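Undergrad: Note that the protein sequences, when read in sequence, are chains A and B. Each residue of the first sequence is one higher than the one before, starting from 64 at the first, in the working numbering. Each residue of the second sequence is one higher than the one before, starting from 64 at the first, in the working numbering.
Simulated from the structure, these hints should not be mistaken for lab results. Since the model is a prediction, treat every value here as computed from it, not as a measurement. Honestly, I wouldn't trust all of these hints.
Chain A stretches covered by chain B per the calculated footprint, using a threshold of three residues with CB under 8 Å from any CB of chain B [what the hints assert, rightly or not]:
1) 71-77
2) 90-104
3) 111-125
Cβ coordinates follow ideal geometry from the N, Cα and C atoms, glycine included.
2 protein chains.
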Amino acid sequence: MKVRVLVSLKAGILDPQGKAVEQGLHGFDFKVEHLRIGRLIEMDIPTYNPDEARAQAQAMCDKLLVNPVMEKATIEVL
Amino acid sequence: MKVRVLVSLKAGILDPQGKAVEQGLHGFDFKVEHLRIGRLIEMDIPTYNPDEARAQAQAMCDKLLVNPVMEKATIEVL
């Protein structure tokens, strides 16, 4: 199954890359606030069971994909 | 409105970072294929009109956020 993991910085963690992009957009006269940049991880997990796919993805987050000190992950099974 | 832009590499563009993470997961005995890493951009656009928020986000993608040669973007208005 196709699984999407959205990894974003926790609230309160400074995001200089996001700040830079936000200022860049202001330079183009776009009105935008609170821009944050995270990681998008897309993958195929070879199972037909959505619950198992989600559990596998959660285990991957815990083992490797996410730094739990600074980041939080949202798992979407597509 | 909260807007999420998912930026991913187009099919056929090599993703060495994704390959490295996939191999790392294989090292932990996870079964996973076709892992690709992209960017997640979250922001607030100060309007209450979802269509306008989407149009603004699309314009930002065209101007700054996305490299149309290598990347494609999916816009989600939340």
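Undergrad: Failing hints, ascending?
TA: Result: hint 1 breaks, nothing else.
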